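Each chain, letter by letter, is given below.
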Amino acid sequence: MKRLAVNGDQAIALSWKQINPDVCASYPITPQTIIVEAFSDYVADGEVDTEYVCSESEHSSMSICIGASAAGARAVTATASAGLAFMWEMLYIAASMRLPVVMTVANRALSGPINIHCDHSDAMGARDSGWVQLFAENVQEAYDNSIMSFRIAEHMDVRLPVMNCLDGFIVTHAIESLTPMTDEQVKKFVGEYKAVHPLLDTKEPHAFGPFDMPEYYYEHKYQQAMAMNNVLPVIKEVSQEFEKVTGRHYDFIETYRTEDADYVAIAMGSTAGTMKAVVDDLRKEGHKVGCIKLRVFRPFPYQDVAKATEGKKAVAVMDRAISFGASGPLFADIRSAEFENRIHPRTVNYVYGLGGRDVGVEDLKTVFKQLESGSAKTINYLGVKQ
Amino acid sequence: MPARISVIMKPGTAKEYETGSWRSMRPVVDKDKCINCLVCWMYCPDNSVLVEKGELKGFRYSHCKGCGICANQCPKKAITMVEEGKE
Amino acid sequence: MISIKEMADVPVKLTEGHRLCAGCAEPIIAKQVLLGTDKPVVVSNATGCFEVSTSGYPYNAWNVPWIHSAFENAAATISGVESAYRVLKRKGKVQDDIRFVAFAGDGATYDIGFQALSGAIERGHQFLFVCLNNEAYMNTGIQRSGATSKGAATTTCPSGTCIPGKREFPKDITKIIAAHDLPYAAQASPHNWKDLIEKSAKGFEANGPAFINVISPCPRGWRHESAMTIEIAKLAVETCLWPLYEFQDGKWKITGESKRIAEGTKEKRPIQDWIKSQGRFKHLLDPKWKNLADEFQENVDKKWEELIKLSKQ
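Protein chains in written order, with this note's numbering: chain A, 1 to 386; chain B, 1 to 87; chain C, 1 to 313.
Among the hints, a few may not be true.
Straight-line C-alpha distance at most 30 angstroms; calculated DSS-like pairs for lysine-lysine [claimed, not checked]: (1) K288/C - K309/C; (2) K10/B - K203/A; (3) K53/B - K5/C; (4) K33/B - K5/C; (5) K203/A - K194/C; (6) K89/C - K10/B; (7) K276/A - K187/A; (8) K77/B - K259/C; (9) K203/A - K91/C.
Sample of chain A residues lacking proximity to chain B, with all beta carbon distances greater than 10 angstroms (derived) [claimed, not checked]: (10) C54; (11) E192; (12) F208; (13) D212.
Residues of chain C placed beyond 12 angstroms of chain B at every Cβ, according to the derived structure [what the hints assert, rightly or not]: (14) K5; (15) H18; (16) Q95; (17) F114; (18) Q143; (19) E205; (20) N207; (21) A262; (22) G279; (23) K282; (24) L292; (25) N299; (26) V300; (27) W304.
Just so you know, these hints were derived from the structure itself, not from any lab.
Here the structure is a predicted model, which means the values were calculated and not measured.
Idealized CB from N, CA, C, for every residue including glycine.
Please construct the entire structure, taking both the sequences and the accompanying hints into account.
This is the structure:
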């Protein structure tokens, strides 16, 4: 199919159009709004037959998705920042009911102060909610992840909601070249939705979301944890099948020139792209550097991270979020993964890019230089004005 | 019952949960006075007034909590509340 | 409407074995509401006594499909179910002609659930929303809500030596809902089961959002004998504190005993009878708070006159 010049939000809307979900419920919030605007156009023009519900809040968007998914429909939504925070309660409930809702999150800083630009604090707040979390580097990956999200969520070994994250403005609003799949390819790849014990089966009534006493709550949470354990193999399987159709390769992490590198930086989202350019520049100057892009954040690919960081002299973990009183959330997971190795590289944390603070080539070069010189502190605040 | 996902797959399983032990007073009907108007059935919160072919047949003591609404609402005063353990 | 004898033959949708208190009005109301349709029905439930007590895993008191997701979103959840129904029916994946009902307490209607309810009504989903109004947060132990009566003692507005219970009148949610210009809204009471079943039938067939606010005496929270539940509900109507009426296609119509009171064929009882009937108002019998009891009566009279005026438009 011919290439298109679209931004990340339009690419997501296009993926939804091709999937034609049964129900879409959403509430506008920058920088996600283009998705629901573009999708509304598809609805208005009859290009999809989705029941499109303009909810009165994000909390209701997720509640509607929960109701629709329990009823037996394929349900989607999109949000960002405060919208995701407002859904927080419902995220856990969607996951506990094992509903394969798919949501795009246009990563944006949380208030306060109010700020509409990119960081990952919104998605990090949903880290423990029981959702699968994928992060995209660019428009193409955001589109591809969106298509794959449905297959992952709806897999019978999983049946968990999936959050498809892309960086606010940097990916959502930047126009890039996209090679979409054909409508037929998408339809075949995603397949017909299979509802599991739907609420609308009035002949076999089920009770969704009953009250649990201590005798059962723990077991239900355990079941959820076991389902989450099934996710990585499913992502692998789905990504491999996706590669057969599109030629585009995806894994849990992407290593870039790490094999013989002594110094490695790890990032999620668009920064991984800049990082690759920085690695190329520094390699030309003779520095043995490489980088790792984390595509799957939940469930966390501990083994892959451990393998990729084994034997390195130092590792920098880039956190586009802050956990007050502790390290960045990604740092904690990376260090934990590294603990599997016998020898642990010096691993430091860089908090960066909060509230859309631009992170350029020179900033990231600083990270590698500090890694090499050993001057990095355990927790560093990259580019902050003191 | 094994723990599955937090969805109860079967309807009406609460019937297995007997609430009759909550009761300190039990309803007793005097069928001579009863006119089978079934007001007691309509107002019973616990689905514990037994009706067959339009006739009041007694009470589901396994579940009746002894609230006394049936006795209080009976227009013929055909239902009396008797202390448990007494005839 | 079918006869009560025929109703007793209809398979129950809410079974025994739920753990609501003895004498709770909620299952009585639910039974009557669900007798209002012979179509398959899907129930959504807000968090609260009714949800907790009818669903404790693995004991399901429901013989119909049921969903609870949270406290504030019974209307949003059912609108999701109904949206799925619309599209799946359109796609030929669902054949049944299904009705949708949400049950919520007064907290989940007047307060925390109000936004989701207002949104769902505005969007025009086809569902019946039933408020089981026991005038306080009973599930957490009798705390004040936007529906709590002025002068009533709750655990967060207790009657003390300085403050005699709740200081504000409840909001008139039925009128607020009617202001959405929805197809059907009503107030009802379980003592008048014919009236409530009829209203439910209208709500189910409203072909759009419908709302019924039902007074739901709570022996524990209102401090009355469990056997008195239905009588107390009746008293609420007879004092005109809780008039029975409906709002349909923009017209207000007084129904049941309230209609007879409005027409002068039935006596309107003084609010003092209401105050005396429940322990939550006990302190108002103290001469010290006589002004409050008077104010209570004045407010009931004012609201009642307003309703009569509306019904004559």
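Consistency of the hints with the structure:
no. : hint            : result
1   : K288/C - K309/C : violated, 34 angstroms
2   : K10/B - K203/A  : holds, 11 angstroms
3   : K53/B - K5/C    : holds, 8 angstroms
4   : K33/B - K5/C    : holds, 18 angstroms
5   : K203/A - K194/C : holds, 28 angstroms
6   : K89/C - K10/B   : holds, 25 angstroms
7   : K276/A - K187/A : violated, 33 angstroms
8   : K77/B - K259/C  : holds, 28 angstroms
9   : K203/A - K91/C  : holds, 19 angstroms
10  : C54             : holds, 29 angstroms
11  : E192            : holds, 22 angstroms
12  : F208            : violated, 5 angstroms
13  : D212            : violated, 6 angstroms
14  : K5              : violated, 4 angstroms
15  : H18             : violated, 6 angstroms
16  : Q95             : holds, 20 angstroms
17  : F114            : holds, 27 angstroms
18  : Q143            : holds, 23 angstroms
19  : E205            : holds, 22 angstroms
20  : N207            : holds, 28 angstroms
21  : A262            : holds, 25 angstroms
22  : G279            : holds, 17 angstroms
23  : K282            : holds, 21 angstroms
24  : L292            : holds, 30 angstroms
25  : N299            : holds, 29 angstroms
26  : V300            : holds, 25 angstroms
27  : W304            : holds, 26 angstroms
The structure is inconsistent with the numbered hints 1, 7, 12, 13, 14, 15, although it conforms to all the rest.
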